[in-house]
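Chains as they are written, first to last, in this note's numbering: chain A, 3 to 404; chain B, 3 to 404; chain C, 3 to 404; chain D, 3 to 404.
Some hints here could point you the wrong way.
Same chains, same names: a pair is fine if it fits in one copy or spans any two.
Simulated crosslink set (DMTMM-like; lysine to aspartate or glutamate; CA at most 20 Å straight-line) [unchecked claim]:
#	residue 1	residue 2
1	Lys249	Glu137
2	Lys283	Glu137
3	Lys325	Asp365
4	Lys283	Glu139
5	Lys37	Glu218
6	Lys32	Glu218
Hints were generated in silico from the structure; no laboratory data involved.
Number of protein chains: 4
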Amino acid sequence: MTDLFSTDKLKSLLPRIQAFIREEVVPVEKILHAKSFIQMEKDELHQLRQKAKKEGIWAPHLSEQEGGVGLSLSEFGQVSEVLGYSPLGHFVLNCQAPDIGNMELLHKYASKELKDKYLHPLQQGEIRSCFSMTEPEFAGSNPTRMATTAIKDGNEYVINGHKWFTSSADGASFAVVMAVTDPEGTHAHSKASMIIVPTDNTGFKFVRNISIMGEEGSGHSSHAEVRYENCRVPLANLVGEEGSGFKLAQERLGPGRIHHCMRWIGICERAFEMMCSYAAKRELAENVPIASKQIAQQWIAQSRAEINAARYMVLHTAYGIDKNGAAAMRVEISTIKFFVANVLKEVLDRAIQVHGGLGITDDTILSSWYRHERAARIYDGPDEVHQYVVAREELRKYGVKL
Amino acid sequence: MTDLFSTDKLKSLLPRIQAFIREEVVPVEKILHAKSFIQMEKDELHQLRQKAKKEGIWAPHLSEQEGGVGLSLSEFGQVSEVLGYSPLGHFVLNCQAPDIGNMELLHKYASKELKDKYLHPLQQGEIRSCFSMTEPEFAGSNPTRMATTAIKDGNEYVINGHKWFTSSADGASFAVVMAVTDPEGTHAHSKASMIIVPTDNTGFKFVRNISIMGEEGSGHSSHAEVRYENCRVPLANLVGEEGSGFKLAQERLGPGRIHHCMRWIGICERAFEMMCSYAAKRELAENVPIASKQIAQQWIAQSRAEINAARYMVLHTAYGIDKNGAAAMRVEISTIKFFVANVLKEVLDRAIQVHGGLGITDDTILSSWYRHERAARIYDGPDEVHQYVVAREELRKYGVKL
Amino acid sequence: MTDLFSTDKLKSLLPRIQAFIREEVVPVEKILHAKSFIQMEKDELHQLRQKAKKEGIWAPHLSEQEGGVGLSLSEFGQVSEVLGYSPLGHFVLNCQAPDIGNMELLHKYASKELKDKYLHPLQQGEIRSCFSMTEPEFAGSNPTRMATTAIKDGNEYVINGHKWFTSSADGASFAVVMAVTDPEGTHAHSKASMIIVPTDNTGFKFVRNISIMGEEGSGHSSHAEVRYENCRVPLANLVGEEGSGFKLAQERLGPGRIHHCMRWIGICERAFEMMCSYAAKRELAENVPIASKQIAQQWIAQSRAEINAARYMVLHTAYGIDKNGAAAMRVEISTIKFFVANVLKEVLDRAIQVHGGLGITDDTILSSWYRHERAARIYDGPDEVHQYVVAREELRKYGVKL
Amino acid sequence: MTDLFSTDKLKSLLPRIQAFIREEVVPVEKILHAKSFIQMEKDELHQLRQKAKKEGIWAPHLSEQEGGVGLSLSEFGQVSEVLGYSPLGHFVLNCQAPDIGNMELLHKYASKELKDKYLHPLQQGEIRSCFSMTEPEFAGSNPTRMATTAIKDGNEYVINGHKWFTSSADGASFAVVMAVTDPEGTHAHSKASMIIVPTDNTGFKFVRNISIMGEEGSGHSSHAEVRYENCRVPLANLVGEEGSGFKLAQERLGPGRIHHCMRWIGICERAFEMMCSYAAKRELAENVPIASKQIAQQWIAQSRAEINAARYMVLHTAYGIDKNGAAAMRVEISTIKFFVANVLKEVLDRAIQVHGGLGITDDTILSSWYRHERAARIYDGPDEVHQYVVAREELRKYGVKL
């Protein structure tokens with residue numbers, strides 16, 4: 003019942019993407035556990051991407067002249083839910099994080115040269131990228147604290163620093179690096195800049211793919227620790243203006259949170275389907291399916307309620323961003339970030355409990371989501387930070403300055 | 003950000019009602035604890051009703067030809083939220099339960115004679131009514147079980163039975179009584195009928211206003227126990243067809259749940275305002291307002307998220323009912339019933355905790371809501387019944403018959 | 003299975019008290035709603051107190067030479083649970099708050115003259131008392147902030163101030179008043195003292211019994227607002243040393259929290275019995291008792307688990323206080339305060355939900371507990387303060403000073 | 003403050019085991035991610051086991067004449083908590099599941115020949131074993147449903163069936179297999195028997211180590227799928243009497259749940275330490291450690307309360323089993339099973355949230371517990387089954403037969 007958000011474009015597009023995900027992408031998931039992701043990128047995922055291009059559903063976030071479909075954020079949100087149904091969905095359509103954020107960033111702020119060199123092949127899916135901001139020594143929830151510096155030396159920046167959660171660095175062609183360009187600067191929010199670093203730069207030291215929740219992963223599906231050691235890049239690799247790093251990071255996050263939230267709702271719907279389906283067929287005793295148990299019914303009803311609530315909130319937020327810009331929707335963006343992440347937590351937990359022993363195995367996709375989406379309450383700002391933002395703005399109306 | 007549900011009518015109407023509630027109605031609340039409700043009906047509330055008529059905001063649920071404003075359910079829902087800001091709001095505009103439900107019922111199903119006698123004065127606010135369905139001997143969650151009978155004798159029904167939660171009976175002019183007219187009937191859902199009983203009928207035995215959460219109440223604000231003892235009324239007092247009692251009750255409940263849910267959201271917004279306002283001004287130590295505490299901030303943020311979620315769900319449901327009818331939205335109606343009732347629970351509890359000792363006194367309105375809206379998870383179907391309905395419909399898609 | 007805490011004394015005493023409560027006290031509860039408490043004190047409760055004296059179960063907290071039974075805190079805790087089964091239990095045995103705390107205070111710190119005048123008749127149940135600390139203008143969670151002063155003038159204190167939650171003041175013979183005796187004092191914790199004020203003093207201005215959760219109450223069962231206006235009492239009315247007010251208040255609270263917690267567990271057990279009993283007999287359909295529903299079963303199981311957990315924690319804490327003193331158990335005392343208060347909340351809520359409509363009426367005792375024990379998470383330190391205390395002490399081990 | 007459960011034996015033993023775990027075992031944990039478990043069994047763990055034997059802390063569950071320490075269940079529970087501090091603890095002292103359960107089973111019910119061949123080398127840590135009960139085709143929550151049969155043929159059983167969650171089968175020397183020996187039997191509870199199958203039997207078909215939460219594991223740390231295909235073993239391999247399978251399984255589970263629960267409490271204490279320690283040192287801004295945030299403080303306080311509650315409940319239950327036997331404590335055993343599993347869930351979740359990004363990496367041990375102990379609410383009976391058991395027994399007192 004989200005027809006208030008439906009559009010002619012979506013009416014034609016969504017069923018095609020949905021069919022593509024279910025018929026073409028989902029069957030490939032079973033390989034996920036047997037094959038490295040980086041190898042899949044070359045094989046199965048490469049083929050699926052070609053098919054997606056042929057189907058005309060490639061890169062739905064891009065404008066038509068950039069080779070995409072040209073969707074509003076509210077429309078793309080609805081696509082993102084459908085893609086989120088499979089952990090491979092976004093990748094196959096080339097709208098996976100962090101590449102989608104980097105595309106948007108470069109589209110808006112990169113020079114023509116940088117666009118030619120980095121953006122266009124990225125949009126075509128010929129290369130991948132990563133985003134290098136978080137540092138192990140500082141709490142990610144406070145992005146103004148970082149030790150990585152980019153010091154000018156002639157016509158180059160010399161970057162030194164230590165990063166982790168540089169997700170997808172393994173196999174990426176370049177990193178967008180956040181570094182302090184004005185160490186003496188008095189304004190915490192204008193000290194840092196975003197700079198492009200090719201990963202074949204000798205100063206880019208790949209340390210490891212961090213093992214996350216039991217898996218090191220590879221390729222797009224990995225989270226690297228990286229060191230920048232006297233890493234020299236041309237001044238021209240700067241994205242936007244010097245000192246605009248935090249502004250750009252902030253801008254990047256608004257739509258990014260819509261993407262994540264709608265992807266999570268897609269996960270929720272898949273988990274919900276699996277929960278209902280398993281409850282319907284698995285018997286506790288002869289002719290006593292799990293579905294006949296009141297607690298399973300309660301979980302199903304609560305999940306349905308919470309998923310619906312989450313979807314409405316996110317789509318209204320996306321609609322508001324389309325209409326009034328992300329800045330006007332700052333509170334709503336923080337609200338959905340923690341609200342949906344917690345719905346995701348509950349729905350996955352219930353789906354696993356219904357599956358019993360099977361639920362903790364990797365024979366279903368639930369385990370992977372349960373593990374890797376634990377991060378949803380942490381990345382892009384933990385729940386507590388977003389709750390603070392919401393409270394701060396609400397309390398401001400009562401004269402409180404937080 | 004619910005502008006998708008805004009209409010020209012609302013743009014002019016809502017601010018006027020909002021101003022009326024805050025300026026005219028809220029100040030009267032302070033009398034609530036000192037004066038009986040039934041006396042207030044004659045004094046302050048009577049005056050407020052006259053003002054509401056003058057303001058042209060009277061009975062906003064009625065069509066214009068019936069003296070109302072002519073709103074869709076989605077529009078009325080938004081009015082209901084604004085009215086819910088005060089516990090007196092609905093009454094002052096004559097759209098309080100159970101009268102609003104009875105008006106709708108009689109409007110649709112009563113004969114011209116019954117309309118003239120009962121509906122029209124009810125619409126004018128000249129009389130009040132009550133609805134007599136629940137019986138102490140049977141669980142209200144299963145409405146097909148009842149012992150009250152209405153047996154035909156000549157051109158009369160003879161009603162015998164025992165009811166409670168016949169809310170607002172004290173001072174009401176008539177009751178709509180649910181009684182079994184076909185005791186031998188094989189179909190549980192077509193055994194009962196709705197019949198109008200004037201409260202001055204000698205067979206209508208008012209037993210007591212049940213003390214609910216510390217208050218017996220009076221007038222509109224009461225919940226009676228009633229016995230029907232050889233209570234004779236003309237056959238013409240039947241509403242709709244014989245045997246249609248459950249059908250009509252069901253029909254009555256759909257929009258009724260929208261009304262309740264939106265009223266609860268109005269309560270939530272008031273409690274939220276009170277929580278923020280008190281947190282802003284109450285100091286734990288010098289210059290340390292409660293608002294500076296992270297847990298208070300978390301409660302504020304969670305409440306904001308949950309209230310927004312609740313409102314979106316209810317308005318989308320109302321919109322769906324406007325468009326496709328209540329039957330098409332059965333699952334959504336059950337979903338909002340338990341979801342919003344639980345949001346209400348949490349928001350009130352947090353608001354009280356922020357108020358500390360003050361929160362449990364009757365010096366604020368929070369205590370009254372905390373007490374009387376405990377019923378929200380019980381009346382019109384307890385949470386567990388609505389969760390069952392949602393699960394049943396979801397599981398039906400997987401071949402499960404519950 | 004708390005036999006580790008059983009003693010010979012309890013083995014003989016507990017069954018007698020239990021029988022007394024169930025057979026003599028519980029039947030009187032039905033009058034509670036019809037008669038003022040202050041009148042019941044003169045009639046039914048007076049008679050029950052005489053019976054209790056005859057039974058040799060009077061004032062079980064007092065030593066044998068004071069006319070009591072002479073129990074350790076761990077033993078008295080177990081008695082307190084049994085008394086908590088009825089809201090009248092503690093009163094009938096004269097170990098109700100705030101009198102029990104005042105008795106302990108005067109026993110330890112009052113002069114012989116004050117003991118003769120106030121303590122002995124209090125122990126005999128001939129008079130009642132109140133405790134006057136909380137002020138409406140200051141958050142009760144920070145007890146060092148208060149505006150009431152007691153200024154020496156000749157051989158008298160002149161007390162001026164505004165108090166509320168001076169519980170049981172209505173009908174009490176004297177108040178123990180906390181007032182600042184050293185307004186210029188630099189140490190917040192040694193500025194105040196406890197002073198006895200007879201309620202017939204002309205400077206003791208009884209303002210009102212505050213309506214709490216729908217009831218003003220009366221007598222012992224009330225919470226007064228009081229003003230002290232040039233209230234003169236002899237210097238000899240000082241309890242303990244000047245400036246020792248906070249120390250004594252703190253000391254008073256340690257065992258007081260054991261008493262409350264065990265009383266709450268008594269309430270929980272009664273609510274649990276009612277929940278099981280009603281679930282067993284109330285049918286949702288023919289031969290389908292509520293007890294057959296899985297969610298009701300879950301509530302019963304969760305309640306059983308939580309009540310057991312609560313009891314073990316409190317008894318171990320009481321045992322620790324008996325052995326090592328209250329100061330050594332500060333963390334445990336804060337732990338049980340918030341833990342048990344939250345168990346109480348959940349158990350009462352579930353019991354009400356099982357009772358459906360009946361649960362919100364005052365036809366059962368659940369409504370009264372639901373309303374009045376909402377305060378359990380607020381009085382004697384709200385949850386958040388006790389959680390802070392526990393965290394502060396745990397984190398101290400890691401070098402954090404909070 | 004569990005000194006009521008302390009004994010002279012524990013006073014000497016516990017500090018030694020605690021020191022051993024912290025000094026010898028914990029440092030080995032860092033290898034866990036780099037090396038297969040089955041290899042560690044031969045290297046580091048083998049050496050640690052030799053040290054444990056020298057320290058006289060080996061196999062603390064065994065009687066002294068069997069080479070153990072001779073502890074009551076209540077004593078062993080306290081040891082189990084200390085061992086649970088490290089995921090390697092129980093294995094190093096040879097009291098890991100499922101071997102500890104098999105030792106107890108064979109000790110009580112195996113013939114002298116079986117004891118010589120299987121029990122004694124198991125007690126010495128020379129071999130490992132597994133327990134083969136759960137079948138993928140049947141819900142584990144109803145153990146009477148299984149398809150595996152053991153049909154007599156001459157002096158052999160011929161076993162056919164399909165099992166999974168045959169934990170530790172990889173590298174084990176024998177399996178205790180639950181199989182139906184009386185397929186025509188009318189009593190569901192006496193149809194099955196326990197039979198020893200050496201894993202080098204040609205009918206024992208090892209299928210795979212099931213990938214669980216991201217890891218296939220190996221050796222003791224694995225969960226196998228196994229097929230029995232015309233697997234012939236001597237009739238003498240029967241453990242106990244024919245048809246006693248369920249009875250023995252039930253018996254095995256009572257103390258087993260104490261072991262698990264106390265191990266979980268050990269995990270909780272480690273996670274709690276990590277949470278406090280990280281909160282103390284990790285700064286959100288300069289001189290603003292996480293520990294200064296109220297929500298972190300609340301998590302610490304709630305965790306302390308819940309862990310204490312859990313420990314008291316389990317130790318009282320163990321004490322009751324020691325005194326009155328497991329049958330008398332059936333309700334308590336079910337109570338702790340679901341209560342402690344849920345405490346574990348909450349404490350781990352909070353510890354991870356405090357750790358932020360680090361918490362989801364495998365750089366700390368939290369991730370592994372978060373993943374693998376998700377099973378705690380499922381294995382040995384899911385929460386819902388244990389809640390049913392508790393409710394059934396409580397409701398029996400009110401005449402309800404479930």
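Original post:
Failing hints, ascending?
Top reply: Checked against the structure, the only hint that fails is number 3, while the rest are satisfied.
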